[in-house]
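A.B. asks: The primary structure of each chain is shown beneath.
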Amino acid sequence: MTSLPTESGDTKLGLVIDLDICVGCHACAVNCKEWNTSGHSAPLTDKDPYGADPTGVWFNRIHTFEVVQEAGDSRTVHFPKSCLHCEEAPCVTVCPTGASYKRAEDGIVLVNAEACIGCKLCSWACPYGAREYDEDAGVMKKCTLCVDKIYNENLPERSRVPACVSTCPAGARHFGDLGDPTSEVSLLVAARDGFELMPEQDCKPVNRYLPPRPKVSPDEATSAAPLIAANFDDGSAGLLARWVDRLLTR
Amino acid sequence: MHPAKSVILFTTASGAGYGLIAWFGLFGAFGLLPAELWMGLLGFGIGFGLIVLGLLSSTFHLGHPERAWRALSQWRSSWLSREGVAAVFTFLPAGLFALAWVLLGRNDGLAGLIGLLASLSCVVTVACTAMIYASLRTIRAWHSAWTLPIYLLMAALSGALLLQVFLSLWQVPLGRVFPWAILILFGLTLGAKLLYWRSLASEEGGSTAESATGLGDLGKVRLLEAPHSESNYLMQEMGFRIARRHAEKLRRIVLLAGFCAPALLILLALLMPGVPGVVATLIAVALFAAGLVVERWLFFAEAKHVVTLYYGESRA
Ligand code: SF4
Ligand code: SF4
Ligand code: SF4
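As they're listed, the protein sequences go chains A and B. Numbering follows UniProt numbering, with no gaps: position 172 of the first sequence is 172. Numbering follows UniProt numbering, with no gaps: position 191 of the second sequence is 191.
No lab work stands behind these hints, which were simulated from the structure alone. Beta carbons: idealized from backbone N, C-alpha and C, even for Gly. Do not rely on the hints blindly, as some may be mistaken.
Restraint ranges, calculated between C-beta atoms of paired labels, are given here [unchecked claim]:
{"#": "1", "chain 1": "A", "residue 1": "Ser159", "chain 2": "B", "residue 2": "Phe89", "range": "46 to 56 Å"}
{"#": "2", "chain 1": "B", "residue 1": "Glu230", "chain 2": "A", "residue 2": "Arg158", "range": "34 to 44 Å"}
{"#": "3", "chain 1": "A", "residue 1": "Ser38", "chain 2": "B", "residue 2": "His143", "range": "54 to 64 Å"}
{"#": "4", "chain 1": "A", "residue 1": "Lys215", "chain 2": "B", "residue 2": "Val88", "range": "31 to 41 Å"}
{"#": "5", "chain 1": "B", "residue 1": "Arg222", "chain 2": "A", "residue 2": "Arg158", "range": "52 to 62 Å"}
In the BS3-like style, the derived pairs of lysine-lysine whose C-alpha atoms are separated by at most 27 Å in a straight line are [stated by the list, open to error]:
{"#": "6", "chain 1": "A", "residue 1": "Lys47", "chain 2": "B", "residue 2": "Lys5"}
{"#": "7", "chain 1": "B", "residue 1": "Lys5", "chain 2": "A", "residue 2": "Lys120"}
{"#": "8", "chain 1": "B", "residue 1": "Lys249", "chain 2": "A", "residue 2": "Lys204"}
{"#": "9", "chain 1": "A", "residue 1": "Lys33", "chain 2": "A", "residue 2": "Lys204"}
{"#": "10", "chain 1": "A", "residue 1": "Lys120", "chain 2": "A", "residue 2": "Lys215"}
{"#": "11", "chain 1": "B", "residue 1": "Lys220", "chain 2": "A", "residue 2": "Lys215"}
{"#": "12", "chain 1": "A", "residue 1": "Lys120", "chain 2": "A", "residue 2": "Lys204"}
{"#": "13", "chain 1": "A", "residue 1": "Lys33", "chain 2": "A", "residue 2": "Lys47"}
{"#": "14", "chain 1": "B", "residue 1": "Lys5", "chain 2": "B", "residue 2": "Lys249"}
{"#": "15", "chain 1": "A", "residue 1": "Lys120", "chain 2": "A", "residue 2": "Lys47"}
Residues on chain B that point at chain A, a partial pick, calculated with CB under 8 Å [as the list claims (entries may be wrong)]:
{"#": "16", "residue": "Ala71"}
{"#": "17", "residue": "Arg137"}
{"#": "18", "residue": "Ser211"}
{"#": "19", "residue": "Ser231"}
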């Protein structure tokens, strides 16, 4: 059914991505590909992977933007983007077959590969470029919010988070219920003024982004005394070493 | 947007076919067309031929054509599904009307009523096609109040030109006044198209690289590094830019070949009855067909999708 669920529950699972912390290492994109190429929407086909013009299906891509500030100053912001599991998902309502659907119980937007005819209209309707067509399979694919991982009882509980979240070495990705105002992710969004992308498109995305923290000017910056030097304890070195040290220092 | 041949063929050919059958239904029902065997065979043959050609081409560009029937299920929310339902439904009254015309030699009375229903279904189907595009908020050039009227006018005009060929070949009296209607349609369509292009140029897109990233508060946003070194599906499907470079030239081709020249030829045909008139009408059809294809190609190729904001565009 491609009409949006009328009685959607309060649960809105999604991601919160911290643009202040992301270092643009692409680890989440790689682990997303790794997990999902054998998951719910597997495989994530690559075409010509070792040739001159490789292309392939990815659910998560990392863009890098430069933000030029007034004073001629600029900063680099790494910007991961995957499906935002929109509340008013246009990709779902345009689908003629019912293959695209939004789950009432947790808000995850999925594609049923058995029913998809590969008309690509959903990818035209998504403002965020979150849907990618698999030419080999002839069907549309997209981020599943790792639906096969977050509920997977074969995994230890701490591993039941999306692949991109568990792999991020910087801790820039958070997963949780954005429908619950008291959840950790909701509190984080409230504390850091998290925002939605392209609100003018009226898709009501669930995922939130946390803005980069204000830049500190060199004058204001304070730094602690170097820790490393303080940790040297020359006095505890051996007798020979101290003698050599004194000899060579002369 | 990538101007796929299949979609251009689908919208232009099926539009012309629906246009022709709509005129047949309308004028047949009002007794302005004789229910003549060969006119019926050729007219419905060409009309249905164009429709089927369009529908087949749109089906074969699917990843899974064998599942196309599933597209009839989501008419509650999806314009593409509605278009499918309307297209399938139209075959019923249009087919019955054609049978009555060809087999029974009737297009009046009950047959005429069925003909009117066929005309209405044709209009609804073309309107659904237009709404597939007009309903997409992601593409400003399509999410415009002009998309629906222009699709309807283009289909009416292509059908009317085809009809005029029949009118002049069979020397139906209607053929001496219908060209005036065609000229009015030319004027309306041309006006709509010009106003549409003007609105595209004057209105700014509401989405920017700043709103797409939410980083506008910090300053001006510009793409520094794309996610991957090579192209991807999104860029191939939605990042088509060639047309915008040649838009001016192509628009002039549409205006001259698609509108001015055929309109002049129709005027000429009015003054020259007989064979030269038929020839002029045929040339007008051919020129308009070429103009229509360029117009539709531009409709896709000029359209900019907001996803390009994540790939280096600053406004869409
Ligand atoms: S981000 Fe795109 S694909 Fe995901 S729910 Fe929103 S519109 Fe659909
Ligand atoms: S490509 Fe598949 S999922 Fe997308 S709109 Fe078409 S049928 Fe639905
Ligand atoms: S939630 Fe899963 S599918 Fe979605 S981007 Fe993260 S790893 Fe990929």
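A.B. asks: Check the structure against each numbered hint from earlier and tell me which ones fail, lowest number first.
C.D. replies: Those not satisfied are hints 3, 4, 5, 8 and 10.
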